[in-house]
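Chemist: Let the sequences and hints guide you as you build the complete structure.
Chains as they are written, first to last, in the working numbering: chain A, 1 to 317; chain B, 1 to 317; chain C, 1 to 505; chain D, 1 to 356.
No lab work stands behind these hints: they were computed from the structure.
Wrong hints could be hidden among the right ones.
Stated by the list, open to error - In silico DSBU-like cross-links for lysine-lysine, where the CA-CA straight-line distance does not exceed 30 Å:
#  : chain 1 : residue 1 : chain 2 : residue 2
1  : A       : Lys138    : A       : Lys222
2  : D       : Lys238    : C       : Lys270
3  : C       : Lys134    : C       : Lys274
4  : D       : Lys343    : B       : Lys90
5  : B       : Lys90     : C       : Lys346
6  : C       : Lys24     : C       : Lys81
7  : C       : Lys24     : C       : Lys6
8  : C       : Lys122    : C       : Lys81
9  : D       : Lys238    : C       : Lys346
10 : D       : Lys238    : C       : Lys377
11 : C       : Lys81     : B       : Lys172
12 : C       : Lys228    : C       : Lys202
13 : C       : Lys11     : C       : Lys202
14 : C       : Lys385    : D       : Lys215
15 : D       : Lys215    : C       : Lys367
16 : C       : Lys16     : B       : Lys198
17 : C       : Lys320    : D       : Lys238
18 : B       : Lys92     : C       : Lys72
19 : C       : Lys110    : B       : Lys306
20 : C       : Lys140    : B       : Lys172
21 : C       : Lys346    : C       : Lys367
22 : C       : Lys81     : C       : Lys212
23 : C       : Lys270    : C       : Lys346
24 : D       : Lys238    : C       : Lys325
25 : B       : Lys303    : C       : Lys270
26 : A       : Lys72     : A       : Lys43
27 : A       : Lys298    : A       : Lys138
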Amino acid sequence: GNEGGTTSTSDGEQASIGMVTDLGSVNDKSFNQSAWEGLQKLKEDHGYDVKYLEPQSDAEVEPSLLQFVNNKTDLTWATAATLEDAVKNIAETNPDAKLGIVDSALEGVANVVSVSFKENEGAFLAGVVAGTMTESDKVGFVGGMEIPVIQRFHAGFAAGVKAVNPDAEVLVNYVGAFNRVDMGKSAAATMYDAGVDIIFHASGGTGNGIFNEAQERFNAGKQVWVIGVDKDQSLEFGNDITLTSMMKYVDQAVYDISHEALTGQFPGGEVVRLGLNENGVGLADTSDINVSQEVLSKVEEYKEEIINGNIEVPETP
Amino acid sequence: MEVLANVINGSIVFAVALALGALGGMLSERAGVINLGVEGFMISGAFFGAIGAHYAETLNLGGLSPWIGLMTAFIFTGLFSFLYVMATLKFKADHVISGVVINLLSANATFFLVKLLFDGAADTPRISNMFRRINIPLLSDIPFLGIAFFRSYPTTYLALAIIVIGSYILFKTPIGLRVRGTGENPGSVDTAGINVYKIKFWSVMLSGSLSALGGATIVLTSNGNFSFNTIAGQGYIAIAAVILGRWKPYGVMWGALLFGFAQAIKDQIQIFPSFDAIPTEVFYLLPYVITLIALILTGSKSKAPKALGTHYDSSVK
Amino acid sequence: MKRVEKVLELKNISKKFGEFYANKNINLEIGRGQIHALLGENGAGKSTLMSTVFGLHQPDGGEIYVYERQIKIENPNHAIKLGIGMVHQHFKLVEDFTVTENIILGMEPKIGHRINMKSATKEVKDLSEKYGLKVDPNSKVENLAVGVQQKVEILKALYRGANILIFDEPTAVLTPDEIGELLDIMKTLVAEGKSIVLITHKLNEIMSVADKCTVIRRGEYIKTVDIKDTDENELAQLMVGKTISKQLDKNPFNPADKILEINHLHLVSKSGRKILDDVSLTVHGGEVLGIAGVDGNGQSELVESIVNMIETNTGEIKIKGQSTKGKSIRDIFESGVSYVPADRHKHGLVLDKNISENLILIEYYKKQYNDGLNLKKMLIRDEGKQKMQAFDIRAESEATIVRGMSGGNQQKVILAREISRNPELLIIVQPTRGLDIGAINFIHNQIIRLRDQGVAILLVSFELEELLSLSDRINIIFDGKIIGQVDPNNTNDTELGLMMAGKGV
Amino acid sequence: MNAVAKHMKNRNILVPILATIIALVFGAIIMLIAGYNPVIAYQSLLNKVFGSAYDIGEVIRAIIPLLLSGFAVALANKAGLLNIGVDGQITIGAVASLLVGTLVDFPPIIHGFTALTVGVIAGGLWGVLIAYLKTRFTINEVISSIMLNYVALYLSHMLIRGIVPQEGSQRSALIQDSASISLNSLSELLNGARVHWGLFITPLIIFGFYYFFNKTRYGYETEVVGLNNHAAHYAGIKVNRIITRTMFISGAIGGLIGVFDTLGVYKYMAISTSTSGVGFDGVAIALLGGNTTIGTTLSGVLIGVLKYGSQGMQFGAGVPSEIIGMIISLIIFFVAAPGLVKKLLPNMEHTKKEVQ
Ligand SMILES: Nc1ncnc2c1ncn2[C@@H]1O[C@H](COP(=O)(O)OP(=O)(O)OP(=O)(O)O)[C@@H](O)[C@H]1O
Ligand SMILES: Nc1ncnc2c1ncn2[C@@H]1O[C@H](COP(=O)(O)OP(=O)(O)OP(=O)(O)O)[C@@H](O)[C@H]1O
Ligand SMILES: [Mg+2]
Ligand SMILES: [Mg+2]
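Modeler: Spelled out as structure tokens, the structure:
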């Protein structure tokens, strides 16, 4: 339909990309935001017309996707596994539309490219850092919800810790929410009180609470660490408490695949799996601030082992 | 033993926000005005607390910022309280509807303002000067009690003060007598030559601001900023605390503590590997089930103010 | 300065509710040290007029003079400052508060910030002794009998230094002793130089204490008379505008067989207090058994246990020889029992439903009113019309919402419903509370008619006159016990009064 | 008398209409202040709602749960109960129908019908739980509702992950096609809009509500209990039984919402961090509609349209959907406080005398 002319949708001249977030904002400082940053970079570099929609309920996802599709948007991204079924339905009823989905392994739908990350591989490296650097031999993992994606983080991390420090203990707390900062803080407090000195989290906004608790303890003169997730969280929470971050390069993936798609070779029907090998996951470049060289070189060794298949990182704990 | 102390300490952290929210609810209900808007007032408090502290920081007020945030929350939530007063007192709107409106309006208005003030952001900028736990000299060194009670946030002691003073005012002073009378039988207060409208007006105004302190507490002690999920149902739990506490300040405190305990204990139990067998959901259920059980055990005795929810009109006998 | 004689004067006071005049050009003059009665039917405008004087609402016309100075009385606070106190028809007490708390509310003595309860309690004690109003300052109002609650109301006014006291139907809920007591109190008060406005429907009270009486009818001023040169009949005529016979002619008493039989009923409250203590009684067809007693001596529990609204601990209740054990309230009603409860607004009616809907409250579920699923709306409406006719219910139509109706008419709705169910046993409590003579006569005649038709009637009332004129036998209940039985034809107020107070026997 | 009736009618219709208009104007003003173009905004809202067959179908899909939720709440209100536990009843109804829809093998239609019935009953029983806590332990239904909403949510997670998980995904397995209650052919006409049996069942519920309270003895006794339960008790009505019965029906309607979502819209149930919130919309809708049949229906449709259209506003004019949220709350506010509308439009004097 016509949108009153405000949206210069691609009627030929410049290509357009749409994006539908999962519940939550495009500025969630997490993968929604990463994806959006990827698109904005595309806009700068190639002048694509980019736009997003934030559905207010699960039911609104399909209409939102369709809004783009009906607008002849050249490529429409959905930025979370939870949108998988919606993408599938829309793709099947609109065969000539191009769609992409992040964090999903949706296969065999000709006009959908799905990007999935091997979080467990990245988390393994985080585990190596934690396992080596812990002084109490107690590290913690805080998960948002007990769902497959998060379990991959959990499994990889635990494996990494065990690999370098068999007698280290991994305490686990699935908080049950991705945006209850106060619960994250409480979870962290409990772990630190129990002697944990490094916490790795995969819990979205809930994780902020972990950083807050760490910061508070740091201010009180007690050094404890947090390992960030998805983005380089040291940029937001500083280096006093951020040991390192396990990166998930959603922005890069979205950037690359979108560009491919709009310049001819759309990998429809494929599942693009991004692990260490493809530089889809890894540790933040700023890691060297708090992580010593020998630890980092150990990390590099394990990275090689994983890439050349000598180490098989589990996907479930 | 130390573990238990930590749990109690954690319980208090959760409880304080609830207690403040509940005290607000209790006050207006003591004056005969049902308050289902606690959630909304807490949202408003969280929002204004966050931006208040944020702007204070931008003015380099440093350690003063959280206090400013607290005040901002207290004062500006008056906007919503005033709306509530207008609806329930002047226009004699149904109290429950008005509460629903407050919840809807404050949620949407604040989220909207966040996007407006911080160009599209999903949350307010994080503040670096949050409240910190203060160790009360000497007391905090008492073995068990020290950790449990005397290493907490300023807001904890503020809440405690409000409870003590509030209880004194409500049960020992003329104004308290009049407020309680208004909730029980406005007719008698009116014919005793007291302005019922005035009493209700100020009770409700203050009620909103008190609840706001609860919301602000969450932001200023734990979250560090405000997002659309900062207050996610705590307001309703607070209402439960009011009923659990039978409309008495100390009762409300115990109600809040009970729920806080159920929250804190769930983090503690989860990190014991021996509990891996239990599905995590069981822990999530805990707080709500415990509250229900508490209600079952006390419920039958709870006694609401007699004129709760009614509109007073002197010409009607 | 000269001593004012007119403490309160109203000139052409009018008060409208919407388009309807509750008061129209009413004049009133209250002299110092006088008891001035205000007489009128239900809805005549008495409470409205006095509420205006007390600042509860503003008149739409006319002037108010207090101590011969014209004044606009803004609100109750203002009225209190002027020395006006009001004892309201429906008490304005906080049940959850103690006597003291209720009395000092708004004028609390303080030390620092806190209420000085000690001195408050003492003040209340002194005050109650000074005027002989016996109350325990520390007991919670909700635990007090109505009579005592009223004393609290009076003390409330006196505590505020009232010199002009307004009593709105103070005796409606009192026992003979209490009434006597109250009237004496009034006398002491006027002896103290205070002035009193007394609203009541009861002519004998007016005759016994009042100096003057002003009559209003349908909101309009009729006349002010000196008590010393008038009598009850004149007053009655002035009030209703026509002569009315207070005579009840009933058939000679010939009881048929037992309808209600109660044996050794016991009920103990949660707090262990004996509420019903070995109560036994019987009611025969064609007789009216009156239960005399001060409010709160177990009457309501007694009747509520007869219809199984509450469970008793031990004892047996038989209706037509059938034990009521384990029967539902509905079963009992179906076995031929009708029940007119004491509290119209709480039990008797659904105030927000209309007349015809209230008339089917008990029997809506019967074939007669529904086809198993749907209510027979037409039929229900028509029956409503008929019953309004038959029972002289005054309202716009059968679709009128009951809340806005006068207490008298509300009461008639309940009677219409309960009587037209053709009961064999009619339990009726406080049937004429707060009603005017017209309504009272009507209701009394209805009761007699049923008795003459052979219905068994259990009548609970606080009004001796009512009991004496209607009952064939009177049982006196005190403290949950039936402490005696008298024959209405050879007893008198004093004897009954004493027994009701637990004395005598 | 007739005049009075008319007057009442005018009033009841007029207030909400005026309220809506004023609220929309307020919304426009806010947009202007915030630098958006209200004209385009409202244009794209309507566009989104009526723009295409698909959208019309989807609006209906969006309205159905709101209507049902509104009537679930209204029903309870009539008996003097505030059921803000519809969210929980939805969840329970959904998960129950999900289990039947995935685990058992029945022929089409029958399978859908069985799953639907089970879901409805489950929702009803969840409502009865609230009634039980109230009648047996005198626990205020507002509180128990809130608690039970959370309990229902996590219970459903447990059942999904424990009994019908979908490997490697954050949702349950799909229901079997035989359990689907979608109207496929119609759905195709509407370019895939997710319409389902609710299209026919919802009107039935609405009519049932009207019939129940305006015709039947059961509606009558329910209202009596709601208006004065003392009188009801005196009249021999078993109050607790009515409360329980009412909460069962109310919960059952809630359950129906969950059933439609699971068997008609998604075909699976997601593990989401919170309940849908439709139950709370229901409270607003019922209150806005004054618990009347017409009122609740209209307000349900209105709010459904506004909510669905808000996506269009975001797309077309970049207006955040919170604006719509504000507008909705303003509408309710004005309806709840008619005196305010009167203030804002002095010329409408006579239309709004009441406030009580
Ligand atoms: N608040 C009100 N709103 C509308 N009408 C009222 C109101 N209060 C009283 N009325 C009407 O004014 C008239 C006078 O009422 P009022 O209470 O003064 O009567 P009354 O003489 O005290 O009767 P009673 O002897 O039953 O107490 C009645 O018809 C009543 O319906
Ligand atoms: N808000 C009101 N609107 C209309 N009429 C009213 C209102 N309040 C009171 N009335 C009427 O005013 C008159 C006096 O009221 P009041 O409360 O004294 O009732 P009553 O007839 O004295 O019965 P009772 O005293 O036993 O309750 C009654 O006719 C009553 O119905
Ligand atoms: Mg009166
Ligand atoms: Mg009266």
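Chemist: None of the hints should be skipped; say for each whether it holds.
Modeler: Status of each hint after checking the structure:
Annotation: proposed proximity of A:Lys138 to A:Lys222 holds, straight-line Cα distance about 16 Å (limit 30 Å). Proximity of D:Lys238 to C:Lys270 is assessed by CA-CA distance (about 23 Å); at most 30 Å being required, the pair is judged to hold. Distance hint between C:Lys134 and C:Lys274 is fulfilled; the C-alpha atoms sit about 24 Å from each other, no more than 30 Å. The hinted pair formed by D:Lys343 and B:Lys90 meets the criterion: a straight-line CA distance of about 12 Å does not exceed 30 Å.
In summary, the hint linking B:Lys90 to C:Lys346 is supported, as the alpha carbons are separated by about 28 Å, within the 30 Å threshold. A threshold of 30 Å between alpha carbons decides the hint, and for C:Lys24 with C:Lys81 the separation of about 27 Å falls inside it, so the pair holds. The straight-line distance between the Cα atoms of C:Lys24 and C:Lys6 is roughly 22 Å, inside the 30 Å bound, and the hint therefore holds. The straight-line distance between the Cα atoms of C:Lys122 and C:Lys81 is roughly 23 Å, inside the 30 Å bound, and the hint therefore holds.
Between D:Lys238 and C:Lys346 the alpha-carbon distance is near 17 Å, which keeps this suggested pair within the 30 Å criterion. As the CA atoms of D:Lys238 and C:Lys377 are separated by approximately 23 Å, the hinted pair is consistent with the 30 Å bound. About 25 Å separates the Cα atoms of C:Lys81 and B:Lys172, which keeps this hinted pair within 30 Å; it holds. For a cut-off of 30 Å, the pair hint linking C:Lys228 to C:Lys202 stands: about 17 Å separates their Cα positions.
Restraint check: the Cα-Cα separation between C:Lys11 and C:Lys202 comes to about 26 Å, which is no more than 30 Å; the hinted pair holds. Taking the CA atoms of C:Lys385 and D:Lys215, the gap is about 20 Å. The hint holds against a cut of 30 Å. As the CA atoms of D:Lys215 and C:Lys367 are separated by approximately 15 Å, the hinted pair is consistent with the 30 Å bound. About 26 Å separates the Cα atoms of C:Lys16 and B:Lys198, which keeps this hinted pair within 30 Å; it holds.
Distance check on the hinted pair: C:Lys320 and D:Lys238 sit about 25 Å apart at the alpha-carbon level, within 30 Å; holds. Among the hinted pairs, B:Lys92 with C:Lys72 is consistent with the structure: their alpha-carbon atoms are about 27 Å apart, no more than 30 Å. Distance hint between C:Lys110 and B:Lys306 is fulfilled; the C-alpha atoms sit about 27 Å from each other, no more than 30 Å. At roughly 17 Å between alpha-carbon atoms, C:Lys140 and B:Lys172 fall within 30 Å of each other, so this suggested pair holds.
For the hint pairing C:Lys346 with C:Lys367, the CA-to-CA distance comes to about 27 Å; that is within 30 Å, so the pair holds. Straight-line distance between C-alpha atoms of C:Lys81 and C:Lys212 comes to about 26 Å, which keeps the hinted pair within the 30 Å bound. A C-alpha spacing of about 23 Å is found between C:Lys270 and C:Lys346, which places the hinted pair at or below 30 Å, so the restraint holds. For the hint pairing D:Lys238 with C:Lys325, the CA-to-CA distance comes to about 17 Å; that is within 30 Å, so the pair holds.
Restraint check for B:Lys303 and C:Lys270: the C-alpha separation of about 17 Å stays at or below 30 Å, so the hint holds. Taking the CA atoms of A:Lys72 and A:Lys43, the gap is about 18 Å. The hint holds against a cut of 30 Å. Simply put, A:Lys298 and A:Lys138 have alpha-carbon atoms about 20 Å apart, close enough for the 30 Å limit, and the pair holds.
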